[in-house]
Amino acid sequence: MKPILLQGHERSITQIKYNREGDLLFSVAKDTVANVWYSVNGERLGTYNGHTGAVWCVDCDWDTKNVLTGSADNSCRLWDCETGKQLALLHTNSAVRTCGFDFSGNIIMFSTDKQMGYQCYLNFFDLRDPQQIDDNQPYLSIPCSDYKITSAVWGPLGEFVIAGHENGEINQFSAKSGEILKKAKEHTKQINDIQTSVDLTMFISASKDNTAKLFDSTSLDHIKTFKTERPVNSAAISPIMDHVVMGGGQEAMEVTTTSTRIGKFEARFFHAAYEEEFGRVKGHFGPINCVAFHPDGKSYSSGGEDGYVRIHYFDPQYFDFELEA
Amino acid sequence: MPSIEYDDSKPSWADQVEEEGDEGTLPSPKEIIKGNIKTIIDYKRDDDGKKIKIVRTFKIETRKASKAVARRKNWKKFGNSEFDAPGPNVATTTVSDDVFMTFISSKEDLNAQDQDEDPMNKLKGQKIVSCRICKGDHWTTRCPYKDTLGPMQKELAEQLGLSTGDKDKPAGSAEPEPAQPAQSKTGKYVPPSLRDGGTRRGESMQPNRRADDNATIRVTNLSEDTRETDLQELFRPFGSISRIYLAKDKNTGQSKVSVHPNNTKSCLLKEGIYYVHLDNILTLEKKCIMVQPSHPSPVHFIFLQGFAFISFHRREDAARAIAGVSGFGYDHLILNVEWAK
Chain S
1 MKPILLQGHE
11 RSITQIKYNR
21 EGDLLFSVAK
31 DTVANVWYSV
41 NGERLGTYNG
51 HTGAVWCVDC
61 DWDTKNVLTG
71 SADNSCRLWD
81 CETGKQLALL
91 HTNSAVRTCG
101 FDFSGNIIMF
111 STDKQMGYQC
121 YLNFFDLRDP
131 QQIDDNQPYL
141 SIPCSDYKIT
151 SAVWGPLGEF
161 VIAGHENGEI
171 NQFSAKSGEI
181 LKKAKEHTKQ
191 INDIQTSVDL
201 TMFISASKDN
211 TAKLFDSTSL
221 DHIKTFKTER
231 PVNSAAISPI
241 MDHVVMGGGQ
251 EAMEVTTTST
261 RIGKFEARFF
271 HAAYEEEFGR
281 VKGHFGPINC
291 VAFHPDGKSY
301 SSGGEDGYVR
311 IHYFDPQYFD
321 FELEA
Chain L
1 MPSIEYDDSK
11 PSWADQVEEE
21 GDEGTLPSPK
31 EIIKGNIKTI
41 IDYKRDDDGK
51 KIKIVRTFKI
61 ETRKASKAVA
71 RRKNWKKFGN
81 SEFDAPGPNV
91 ATTTVSDDVF
101 MTFISSKEDL
111 NAQDQDEDPM
121 NKLKGQKIVS
131 CRICKGDHWT
141 TRCPYKDTLG
151 PMQKELAEQL
161 GLSTGDKDKP
171 AGSAEPEPAQ
181 PAQSKTGKYV
191 PPSLRDGGTR
201 RGESMQPNRR
211 ADDNATIRVT
221 NLSEDTRETD
231 LQELFRPFGS
241 ISRIYLAKDK
251 NTGQSKVSVH
261 PNNTKSCLLK
271 EGIYYVHLDN
281 ILTLEKKCIM
291 VQPSHPSPVH
301 FIFLQGFAFI
311 SFHRREDAAR
321 AIAGVSGFGY
331 DHLILNVEWA
341 K
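Chains as they are written, first to last, in the numbering used here: chain S, 1 to 325; chain L, 1 to 341.
No wet-lab data here; the hints were simulated from the structure.
As the structure is a computational prediction, the values presented were derived from the model and not from experiment.
Misleading hints may appear alongside valid ones.
[Unchecked claim] List of simulated lysine to any residue pairs, SDA-like, C-alpha gap at most 25 Å:
1) S/Lys282 <-> S/Glu10
2) S/Lys298 <-> L/Glu82
3) L/Lys64 <-> S/Asp63
4) S/Lys65 <-> L/Arg72
5) S/Lys2 <-> L/Gly35
6) L/Lys53 <-> L/Met101
7) S/Lys85 <-> L/Arg71
8) L/Lys64 <-> S/Met241
9) S/Lys2 <-> L/Asp230
10) L/Lys76 <-> S/Gly22
11) L/Lys76 <-> S/Gly50
12) S/Lys2 <-> L/Glu61
13) L/Lys77 <-> S/Gln86
14) L/Lys77 <-> S/Thr52
15) S/Lys298 <-> L/Ala65
16) S/Lys176 <-> S/Val198
17) S/Lys85 <-> L/Glu82
18) S/Lys65 <-> S/Ile133
19) L/Lys67 <-> S/Gly105
20) S/Lys2 <-> L/Val95
21) S/Lys2 <-> L/Lys38
Excised from the complex, chain L in its bound form:
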């Protein structure tokens, strides 16, 4: 039985046959010329120590050339190629894969190609552009709410060192829809769950936004058990509410707890999901998380809390709500209400 004689490192007898007994040496390369076809068989070891057989076929061609060219063809090789055999050396010359010239036959094609090459144009055509601030069909920098919502979002997202994946959540809080993740702008595939699906109220909301904006208040230090209905109850007495946005955790449905800087009020840290980038957390205490911001600045003690945005139809109502509810004890926490700017 041949298999017994071979040691276990050999994969199978079939491979063994190729090696022709001698383990260390590779068969010497062969060169066969048959008519105008030259075949070179080479053996090599790959990284795993396996033998590789390389077969290359060349066509020998005779061409007529001018005297000078023909003479040059018989020149001796020199320099680094001095010891190369006649014919192309495979170390320096290979034939690469077939390529084809792509013909552009008409102007339309040319334009189409050009457009295709410009990623900006591509985005324009597909209406992929989406504002990070208000979700509108324009670039973030051109957002009409840039001055109002932008800085707030920055504050929430950057200073708090929220992990990138989630930083859009609090950012979108000024609007009924959670803002789309930033990468949607680049035209990448966005799973439906992350698209502006669930909480989106449709394009018809858009014209009212500016008006709403003036009458929006931000409520912070909410407990995580807070529901939208609770907020409705709480704020309805002050006037008619156009919308309520409560930052929610999409898994638990509980109001999302965000971290807020420079907040000296304490709140209890409850069990829940805290969107704080782990690298930034130095110590975890009962009441607060100490966050090391990524940029050089003093260490912040920040406190965990839920938050919501409430838009009234009238600004006066919003003003009264701020006056009325700020400092109001709700659940076990003291609410903090301010203008959403």
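The shape of chain S in the complex, shown without the other chains:
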């Protein structure tokens, strides 16, 4: 396969996300710009300009109308997807680490970092109520005093948010009451990424403890573990195959201090049921920070510490391949 290389960022990529149909790919990086690309040919549709700090997270709603970004400039911004115009600006006390639209696209959540004397909050806004935006007053704000949230996604039916913490804990926060519905502590180190399966019944967590784990979204039951020998920065579940792709590598700060082995920067494919690795794709020359499957399962993208996003369309061999069990 010939990957399409997207060079829209000057610094390392922090998150990439497809919209629901997968025709658009959003990418954010530690520079201030959020990019949106046509995934089919890598053409850049536009950029969302306005942030003044590293952008940590991006999300797009169900009908690709609005885009949400959270940044280290202590703000979370809502954009019009088509024109790139800023619709809302929500100031926070500390950097916004994760953000997301619920299934309806009406409720947004974002979490802030424990930083500069402020603790970590998980905030919920209802976009149908302009007063909340104008007053910058979330209808629900959950403080997380112990360990900050490092990754979060909406659970099924918009009832709760699944949040991964820096100590490896995974919690379900109710979007209505704010209470913790369920807890799981299967990881020993920070959760770097959480991504749901296409039907939201499962999610995969990527952790610094060198593993990625598959969980049931509702019960938080631990289903599968995928082991590597490097911190996992991101993991995604294939929508059509029983496959999982993982990206990782050394921590960026360690790259220069240890011997260079390019092999560690590969995207690694695991069979979801057998927990066995069956394939690798090279390409990035730094750790992979984020991976995402196209919703049709026929391509996947990865964003790396090297600042590039690569869109890979799978070869036919990928679909023919069967793991010898």
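On the provided structure of chain S, position chain L as indicated by the hints.
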């Protein structure tokens, strides 16, 4: 003749033709659409001021998509891409080299790959591990002689500020073989001349090492003309000698002159090769070299001398040799003999 009209900075008329007369401007980019193939020809100047022609071919594809997707495909570009032409902008989108998914089909492959990825395992398999102290097939930190030979080597190598390339030479002196350079541990290629070739006596020596060790003496302040036979003559009267190691310069075959700290005895500096890192030398006098150690400590005056290790079969013999030869004048120098620990 066209060549006459062109000035000398032009490489050849062939290049000149491409420029179509006008020197300053680049031909404007062309875009040709032929069937479903679009060709874009671009001109650019590289760092040397030469013109580069870039030809890119695109395939135009029509795909069926859902209404929402099709509508989105016709959205106007915005933000930093506002003025981009339809189609991918080459500044932001490129097609990179072909990559293939490497399939791992069976467990064996997986394990092999894992092993291959772990440099430690690789070393284990290839028996590359070599102790810096005794050359054994184990890590330096696990060397049984670590406590005995280790500190001595450190003293010789570090304090003296010997250049890295040669510091193993005196270090290996406790053993018949000169120690391998440190980098051999990392699995790098080591030229045969640096391997444990020449002076190596084979693995059969190994079991005796511990015994030898107790009866080894160090002779310092040797003159560089000293040969092994001289030492044999000198020490044989005290008992049977199991081995003699004389630090030698591999180029001249003369005994190597090393520098020794805290030695107040003077010795003459002769012409020879002195393994002292140049950065460390402050002054060069006739009798000694003043060395500035790399770590903060007083300046040392150190004296140049050759040295040897002599192992007796019995410790008593070694003890008698120390008593007998220490302070003995040999050549023009006074020998210093002590336990090799």
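Here is how each hint holds up against the structure:
For the given pair, S/Lys282 sits about 21 Å from S/Glu10 by alpha-carbon distance, which is consistent with the 25 Å threshold. Distance check on the hinted pair: S/Lys298 and L/Glu82 sit about 29 Å apart at the alpha-carbon level, beyond 25 Å; violated. Note on L/Lys64 and S/Asp63: the hinted pairing holds, with a Cα-Cα distance of about 19 Å set against a maximum of 25 Å. A hinted pair counts as satisfied when its Cα atoms are at most 25 Å apart, and S/Lys65 with L/Arg72 qualifies at roughly 10 Å.
Annotation: proposed proximity of S/Lys2 to L/Gly35 holds, straight-line Cα distance about 23 Å (limit 25 Å). With a C-alpha separation of about 33 Å, the suggested pairing of L/Lys53 with L/Met101 is violated against the 25 Å cut-off. Straight-line distance between C-alpha atoms of S/Lys85 and L/Arg71 comes to about 18 Å, which keeps the hinted pair within the 25 Å bound. For the suggested pair L/Lys64 and S/Met241, the alpha carbons sit about 23 Å apart, so the restraint of at most 25 Å is met.
Among the hinted pairs, S/Lys2 with L/Asp230 is inconsistent with the structure: their alpha-carbon atoms are about 72 Å apart, more than 25 Å. For a cut-off of 25 Å, the pair hint linking L/Lys76 to S/Gly22 stands: about 18 Å separates their Cα positions. For the given pair, L/Lys76 sits about 19 Å from S/Gly50 by alpha-carbon distance, which is consistent with the 25 Å threshold. The straight-line distance between the Cα atoms of S/Lys2 and L/Glu61 is roughly 17 Å, inside the 25 Å bound, and the hint therefore holds.
As the CA atoms of L/Lys77 and S/Gln86 are separated by approximately 15 Å, the hinted pair is consistent with the 25 Å bound. Our distance criterion of 25 Å between C-alpha atoms is met by L/Lys77 and S/Thr52, whose separation comes to about 22 Å. Proximity of S/Lys298 to L/Ala65 is assessed by CA-CA distance (about 15 Å); at most 25 Å being required, the pair is judged to hold. As the CA atoms of S/Lys176 and S/Val198 are separated by approximately 24 Å, the hinted pair is consistent with the 25 Å bound.
The suggested pairing of S/Lys85 with L/Glu82 holds, with an alpha-carbon distance near 13 Å, which does not exceed 25 Å. With a CA separation close to 18 Å, the supplied pair S/Lys65 and S/Ile133 stays within the 25 Å bound. Between L/Lys67 and S/Gly105, the direct Cα distance comes to roughly 20 Å. Compliance with the 25 Å bound is thereby established for this hinted pair. A hinted pair counts as satisfied when its Cα atoms are at most 25 Å apart, and S/Lys2 with L/Val95 qualifies at roughly 7 Å.
Between S/Lys2 and L/Lys38 the CA atoms are separated by roughly 19 Å; this keeps the pair inside 25 Å, and the hint holds.
Hint violations for this structure: numbers 2, 6, 9, all remaining hints satisfied.
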